[in-house]
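Trainee: Okay, here's what each chain looks like letter by letter:
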Amino acid sequence: MNAYMPYILCMILFSIGIYAILSKRNIIKIILGVVIAEYAVNLMLVLVAYKVGGRSAIFSETQVILPESMVDPLPHALVLTSIVIGLATTAFLIALAIRLYGKYGTFDITRMRELRG
Amino acid sequence: MIELYVLLGLMIAGAVIAIEVKNLLSAVVAVGIIGLALSIIFLLLKAPDVALTQIVVEIVAVILLIRATLHREIAQKSYGTRPFGAFMGILFLGLAVVAAIVTFNDLSPFGAPLMTISEFYPLNAVTGTGAINVVSSIILDYRAYDTLGEATVLFTAVIGVLAVMRSPGKKNEEDLQENHE
Chain A
0 MNAYMPYILC MILFSIGIYA ILSKRNIIKI ILGVVIAEYA VNLMLVLVAY KVGGRSAIFS
60 ETQVILPESM VDPLPHALVL TSIVIGLATT AFLIALAIRL YGKYGTFDIT RMRELRG
Chain B
0 MIELYVLLGL MIAGAVIAIE VKNLLSAVVA VGIIGLALSI IFLLLKAPDV ALTQIVVEIV
60 AVILLIRATL HREIAQKSYG TRPFGAFMGI LFLGLAVVAA IVTFNDLSPF GAPLMTISEF
120 YPLNAVTGTG AINVVSSIIL DYRAYDTLGE ATVLFTAVIG VLAVMRSPGK KNEEDLQENH
180 E
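Read top to bottom, the protein sequences are chains A and B. So the first sequence is residues 0 to 116, counted in numbering that gives the first Met the number 0. So the second sequence is residues 0 to 180, counted in numbering that gives the first Met the number 0.
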């Protein structure tokens with residue numbers, strides 16, 4: 000099997016999210032596409048950090064753990080930040096969608112343009 | 000690593016279901032499947048802190064999405080696709096996937112990370128910061144300004160949500176209409 004297979008599957012997941020953003024008319028489906036693409040990006044960064052046979056980046060007081068046996072901790076720290084920011088932007092998108100539904104009575108983005116007034 | 004491929008396949012299947020299913024509530028539940036499979040993948044990839052955060056964030060996100068699609072008449076309306084966007088999406092995303100497969104050959108292969116910069120952190124975290132968890136030593140000490148910026152973004156988003164969701168008073172609405180006339 001190809002050594003890059005997890006990266007390729009992750010790229011396919013990202014493409015599914017972008018496809019939803021480009022092709023759907025329902026605004027909730029577009030938000031779901033944004034969420035899926037964001038998950039794929041986070042997953043890609045953690046996949047890059049993985050080391051075969053590595054262990055989590057946590058030392059122990061009772062046990063000797065070599066620093067060389069650990070997976071890469073830097074992407075994990077940055078992905079933690081990215082996940083929380085992703086939740087914040089998703090919440091904001093959902094709030095905007097709820098307000099748009101209250102104003103236009105529909106989630107269809109093509110009809111929102113017609114109903115301006 | 001067969002579990003990783005099974006879970007990645009589950010995530011792709013969940014994504015296709017979430018995008019193509021008619022009922023919006025089912026789509027939201029499918030996104031919940033993707034997020035929980037993602038947190039299990041994080042555990043398999045030896046990232047327990049990220050997995051915990053992902054579980055919490057996923058549950059909150061699903062609750063918010065269910066709030067948006069709660070009414071029955073909203074959940075069952077399906078508006079179909081934009082044909083031009085769908086065609087261009089398939090064309091260019093196919094090209095992007097092919098280009099990505101070519102580009103991945105320049106990355107270091109899966110399971111052998113390039114540790115030239117980040118090997119500093121495991122080597123120095125305990126003596127430098129006193130924390131035995133290297134990830135928390137990075138987010139709370141070496142890159143604490145990142146965490147401060149994250150908190151700023153989070154609370155700005157909360158203020159934005161409150162400003163958008165606040166129901167406008169009657170008086171203001173009349174003022175707006177007068178301004179339009």
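Simulated from the structure, these hints should not be mistaken for lab results. Among the hints, erroneous ones may be present.
[Stated by the list, open to error] Label-pair restraints from in silico Cβ distances: (1) 1(A) - 69(B): 39 to 47 Å; (2) 79(B) - 1(A): 34 to 42 Å; (3) 12(B) - 67(A): 35 to 43 Å.
Note that the coordinates shown come from a computational prediction; the quantities given were computed from them, not determined experimentally. All residues carry an ideal CB built from backbone N, CA and C; glycine is no exception.
Trainee: Please go over all the hints and tell whether each is borne out by the structure.
Mentor: Now for the hints, and whether the structure bears them out:
1. 1(A) - 69(B): 39 to 47 Å: holds (44 Å)
2. 79(B) - 1(A): 34 to 42 Å: Since residue 79(B) and residue 1(A) have Cβ atoms about 37 Å apart, the given range 34 to 42 Å holds.
3. 12(B) - 67(A): 35 to 43 Å: The hinted range 35 to 43 Å holds for residue 12(B) and residue 67(A), with Cβ atoms some 37 Å apart.
Checked against the numbered hints given earlier, this structure breaks none of them.
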